[in-house]
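Number of protein chains: 4
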Amino acid sequence: MTKTTKVGIIGIGFIGSDHLNRLTKTIANVDVTAVCDIVPGKAQKVLDEQGLQAKDFADYHELINDPEVEVVVCTASNEAHYEIVMAALKAGKFCFCEKPLALDAKQCMDVVEEEQKHGRRMLQVGFMRHYAPEYVQLKNIIDSGQIGAPLMADCRHYNQTQPEEYDSTRSIIETAIHEIDVMHWLLNDDYKNIKVYLPKQTRHVQNKDIRDPQIVVMETKSGINISVEVFVRCQYGYDIKCDVIGEEGVAELPTVPQVALRKNAKYSTEILTDWKARFESAYDIEFRDFIAHVSEDKSPAGPSAWDGYVAAVTADAALKSIEEGGKTQDLDIPESPKFYKE
Amino acid sequence: MTKTTKVGIIGIGFIGSDHLNRLTKTIANVDVTAVCDIVPGKAQKVLDEQGLQAKDFADYHELINDPEVEVVVCTASNEAHYEIVMAALKAGKFCFCEKPLALDAKQCMDVVEEEQKHGRRMLQVGFMRHYAPEYVQLKNIIDSGQIGAPLMADCRHYNQTQPEEYDSTRSIIETAIHEIDVMHWLLNDDYKNIKVYLPKQTRHVQNKDIRDPQIVVMETKSGINISVEVFVRCQYGYDIKCDVIGEEGVAELPTVPQVALRKNAKYSTEILTDWKARFESAYDIEFRDFIAHVSEDKSPAGPSAWDGYVAAVTADAALKSIEEGGKTQDLDIPESPKFYKE
Amino acid sequence: MTKTTKVGIIGIGFIGSDHLNRLTKTIANVDVTAVCDIVPGKAQKVLDEQGLQAKDFADYHELINDPEVEVVVCTASNEAHYEIVMAALKAGKFCFCEKPLALDAKQCMDVVEEEQKHGRRMLQVGFMRHYAPEYVQLKNIIDSGQIGAPLMADCRHYNQTQPEEYDSTRSIIETAIHEIDVMHWLLNDDYKNIKVYLPKQTRHVQNKDIRDPQIVVMETKSGINISVEVFVRCQYGYDIKCDVIGEEGVAELPTVPQVALRKNAKYSTEILTDWKARFESAYDIEFRDFIAHVSEDKSPAGPSAWDGYVAAVTADAALKSIEEGGKTQDLDIPESPKFYKE
Amino acid sequence: MTKTTKVGIIGIGFIGSDHLNRLTKTIANVDVTAVCDIVPGKAQKVLDEQGLQAKDFADYHELINDPEVEVVVCTASNEAHYEIVMAALKAGKFCFCEKPLALDAKQCMDVVEEEQKHGRRMLQVGFMRHYAPEYVQLKNIIDSGQIGAPLMADCRHYNQTQPEEYDSTRSIIETAIHEIDVMHWLLNDDYKNIKVYLPKQTRHVQNKDIRDPQIVVMETKSGINISVEVFVRCQYGYDIKCDVIGEEGVAELPTVPQVALRKNAKYSTEILTDWKARFESAYDIEFRDFIAHVSEDKSPAGPSAWDGYVAAVTADAALKSIEEGGKTQDLDIPESPKFYKE
Ligand SMILES: [Mg+2]
Ligand SMILES: [Mg+2]
Ligand SMILES: [Mg+2]
Ligand SMILES: [Mg+2]
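Heads up: the protein sequence lines correspond to chains A, B, C and D, in order.
Sequential numbering from 83 applies to the first sequence in the working numbering.
Sequential numbering from 83 applies to the second sequence in the working numbering.
Sequential numbering from 83 applies to the third sequence in the working numbering.
Sequential numbering from 83 applies to the fourth sequence in the working numbering.
By construction, these hints were calculated from the structure, which means they are not laboratory data.
Small disclaimer: the values here were computed from a predicted structure and weren't measured.
Hints may be right or wrong, so weigh each one.
Same chains, same names: a pair is fine if it fits in one copy or spans any two.
[Stated by the list, open to error] In silico DSS-like pairs for lysine-lysine, Cα to Cα no more than 25 Å straight-line:
id, residue 1, residue 2
1, Lys107, Lys85
2, Lys127, Lys274
3, Lys221, Lys282
4, Lys380, Lys290
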């Protein structure tokens, strides 16, 4: 018999329903005691669909303050993250917030400051790639020194397609944000500058102002050059690439295994088209780790509010580079506070 | 709030401890209420190590009959499987039994007959490969007709190494047994005959009577030729291969993804050396599925007692072929009873 | 200015035209001075098509005896190989003969005996795989001891398709013959026995007596087990596989490099459908080596009459196994004469 | 009997000796009638080593004007290319010149103008990648429209190591030059601008002014973004990569095939360390094609003086970008003259 952690989820949309399902069916020793959605009836409908029972609050403050809620999971819309996270922190509850932490660098810094008042980390941001076994393996290889000091990194983040409203800005703050986050973790380095290239636009978007693909180039303080090709309508699938080139060798992120077919004069393997399938086990491991920590009243060990802040500052500069036709933007990210270094 | 299933585990050795850990930390909605091991104190020691609390029975009959045990998991030594499974069935409890189901075909047939008295399936055998996503994908491709009718299959089951006492017999009943089981499921076909080749022995075993590698060749009733190279001291790693060759193409089981390195004039990826790591997620999915069924009082849907029986009959014939210097053994496996066809 | 070797080609059919083209356009320092074909006018027609001039003999004896012919290349039909090769040897001329050397083991032994009268090797048989860079690399790795003593080999020889008249016999003497030859060279070992499995027949052949695929299993004197899947109507392409499993590791023959495509949710590379393209550079290297030797009046260094004999004896036994429903045939191949060991 | 083309080679150093060997041993229907090297005795020594006979001229003008020389091959040092090529053109002889065509854009333009006086192409520049089967295949795939309009390209040109004197400039004009050349051919597009990134320097070079790696980013007139990582001391091998990303998919240049090994818990293939081995067959095909054309008095069809000019202009701009700390340099390359379009 092991301790059960009582969780409340705020925002039962696409990702919220998914996490609700995960926390009740896949993660051990969790009890989802409460849910809340801004749209009346929406949360209850999802509970019914999933065959679950939980309190359904109309007001997220009530959920946060319910004594039956030990831990808050925020999967509300991006605009609401800031308020919810601040409320959870103020209530002294552990909180998991889907990325992005907040809408801009300023809001993120507020959260960072609020969290520090508690004297220990209370918050984890949902950058799940830190938990993907292939990224963990890649990080271990880099940290082991096997490839020597990293000098360059070559990344791709391709989506099969996105609707017309997914514009250049969203390609940065919803797509490239993952590489912005994961690369500084992987390389143990901070960014010095950022520039966005705007190659020829694909014909698969009508609006001439939407630049797709884009190439984000970042340089770190130690001089590592990181190139991220962001292409959200590549047509062929969801494809993630990350090669890290060091002084002694190269390490390359693998892809998911697939049965190989030899047929019709082709050797082929499938490429996923769904990003959720690509990182499904990362999400599971992420929550297992988060719950393992908070269930024992320990600070979460995953991506922090500071990581959320760094990502926000960097993404803001990328957007400015696009605005200025690809001009390089210098970044002035302060050293990570001691609070956020283990 | 979802229903919690109460599980008792009999046999807390290597694999039993692992399943105990899995059922308490990784599988949702399970409560391990009782354990039992033939060695006094052993089960309690493992509970302590894993930070768990459960009843610790000295006699497995008591565990089976405890009203706090809804489901029995049998991870005792192979010799004890038969008795435990029969007792669990007689007590009318759902039971998960690690493979092999029993020591020989006769015992397996007894279990089959006992189970049928209950009018529905009560038992699942731990052939976890049925749950490995790559095998499921391979089966789906075969079943979809994409490669046409299967004609041949080419398999490898290599272990990095085994101690001297792992003899030719164990290579069949503990190693080849997995391919014997998984191939008839994958191909929807029964075996007609079996023959074991005894190639040159590797220098990595001293006892001249131990044949390693061995090649098991089976022919199915429809004429599919299946070759399984069994090599339990291949030195280089744990390696599983399964190519199915059909009238229109070939489908090949993938391996686990690993970071690729370019270093010292080599492009390389790691090969696992530990079989548990290779099929870890298969074990998780296996138990998640087993619990999902029995928690709702439904028959388990995984490998059945009949599968256990087929594997036992076939392995027995393989051993006879070895004894007779590689002579082909005809098999006379009856049609699967209607009871075991969904 | 380097010496030019004068070559006469007998048999200007499919493969003869190809070698004519190769010897005049691709191989340096060769002059094709004479050609001959049993069909009147056929050789001249090919000369015209390729923009070449050479003497066109009606009778191959005249070609062989022409002082302007230093070296004989025999690309006549299989039935004629024996006579032509014997005549070339008796005339004391170096000779390259396409495989098979002759129609049966008896004829091959005659050639072996005739050649030995000359006190040195005069003949090379066209088993071009000995010159394929990937096979040479594989042999070097085996010979270097990197994988330890070979214990098993796993081969495939698949053709995309063959006409109905390509029967089980031709699958052995024209297709499997390549593996029969190359494996004893690769493994430095002789065959002890051979057996042919007859799996379920593909639907892509009408005649029920034609068994396709077939699996040829050979055991060598040292106990290496070699499995060759022969499938001449596999539909998907021309595919050659050769894995050699040793005591310390496995070495795998690579395939030809192809541009990879990521498109339509598939990662794919092309599989060749044409065997000539697969081994084109092997043919070039083969003739370059043959000419390099004979141009300096040195014995050819490639596959010998003895190799032709071994292949013939082994193929004969394979055919007998098919006839006898898959019975294992013991082989009694004598030690290679000292004459054929360098 | 086919026509023999009489070739004179100027410059019998590293690459000159190699081409001498190729033209006499590997390429059919060529006679190397004359050689010349600025170092007295050097050419004769190489002739002797290779067992060849040819006239050995002290003065390259004499070689060019010898009636026994139909075609000039220039493999002299880079500084001498311009003079030799101009002299060969003025003498009305076909000429093959190793890359670079000349030392700068101005010299290249002189050659372009001289050649046009002859009313037809007389010259081919040794950019051998145009003949590498994998690049040809990649170009065919792009031209076929299978990946749609190209939008980005991602290239690597890594050498295992270079001596200290191989500085940032040489990394551009001897290494990156190949990608500069091959990409405009592959993409059928001209360059609009170029920029060189200077990432963190590898520890494997002492001189702090030598930047290694460098990343060359070029944009074409149609907006294609090309990134070339140039790293001439990557330690692990000679590695060439070229991915072309189009609107509908991605095409990736393959590497050379190598036997795969499974050993010591690693699956591995060798990476070449020698660039000559990587492109050996490209060199053979290049000369076979060049000779095939000029032997029939046809203009060569390979890389032209114009290609040499484009490469020179672009490389000059790259050097300027390095000088200016990575500033983007606009290029103003005129349209290719009609003379150079087929
Ligand atoms: Mg890139
Ligand atoms: Mg096999
Ligand atoms: Mg096989
Ligand atoms: Mg790159």
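These are the hints, each one checked on the structure:
no.: 1; hint: Lys107 with Lys85; in the structure: both (16 Å within a copy, 10 Å between copies)
no.: 2; hint: Lys127 with Lys274; in the structure: neither (47 Å within a copy, 53 Å between copies)
no.: 3; hint: Lys221 with Lys282; in the structure: between (33 Å within a copy, 19 Å between copies)
no.: 4; hint: Lys380 with Lys290; in the structure: neither (50 Å within a copy, 47 Å between copies)
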